[in-house]
Amino acid sequence: DAGVTQSPTHLIKTRGQQVTLRCSPKSGHDTVSWYQQALGQGPQFIFQYYEEEERQRGNFPDRFSGHQFPNYSSELNVNALLLGDSALYLCASSLLWSDQDTQYFGPGTRLTVL
Amino acid sequence: AQKITQTQPGMFVQEKEAVTLDCTYDTSDQSYGLFWYKQPSSGEMIFLIYQGSYDEQNATEGRYSLNFQKARKSANLVISASQLGDSAMYFCAMRVRGGSEKLVFGKGTKLTVNP
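Here the protein sequences come in this chain order: A and B. Counting from 1, position 44 in the first sequence corresponds to residue 44 in the working numbering; the numbering is continuous, with no gaps. Counting from 1, position 33 in the second sequence corresponds to residue 33 in the working numbering; the numbering is continuous, with no gaps.
It is worth saying that the hints were derived from the structure and are not from the lab. Watch out, some of these pointers could steer you wrong.
What the hints assert, rightly or not - Pair ranges (Cβ atoms, derived): (1) 72(B) x 9(A): 38 to 48 Å; (2) 64(B) x 63(A): 32 to 42 Å; (3) 107(B) x 5(A): 20 to 30 Å; (4) 81(B) x 62(A): 31 to 41 Å.
What you are looking at is a predicted structure, and each value in this text was computed from that prediction instead of being measured. Beta carbons are placed, not taken as given, at the ideal position from N, Cα and C, and that holds for glycine.
Just need the whole structure built from these sequences, with the hints factored in.
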């Protein structure tokens, strides 16, 4: 049973560039959530996708956008990168209408903005 | 708004001993879930244990147990028989049922297991 996968593992970009991160959910899951984890902090919720729609959004600017595909995989796009966007980006998948709806995380993508 | 507080930035424990990691939460909602995750240096968040707000029994998963005290709004993680591989960051998180779908995390506790 494949878990949550993310690509790429590491990424280095310069200020002003754009980046796309990818996530494939755990088998059987229909919901994908994205989190940003700055160094020394707990993860912060960016947004969640279900049925190809953004279901909820955290306190992040419009530079952060996403997409969910019919196979439930998801992308996170960040435009006009800032130094402060350097972080570990975690994708989590879950089954929305289950009793426990535990979110299972992928290994993350470590983004460095120079 | 929901908030998770983890007051122990770092904890040390001897191998084979038990350790308790503290977590307190704040919410006005009646239905919520509490989670503990382990994050090794590799970065992946590993789900450990879940406690629902209406669960009367404390959750257990192998060497992990959750000491849930609803009136005190605490959800401490107990790791029994610590192993060297338990050294990692540990995060407590909360999700309110039927409303916000997001997980709210604490700042984490770094656990070091000494041989």
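If you test the structure against every hint from before, which numbers come out violated?
4
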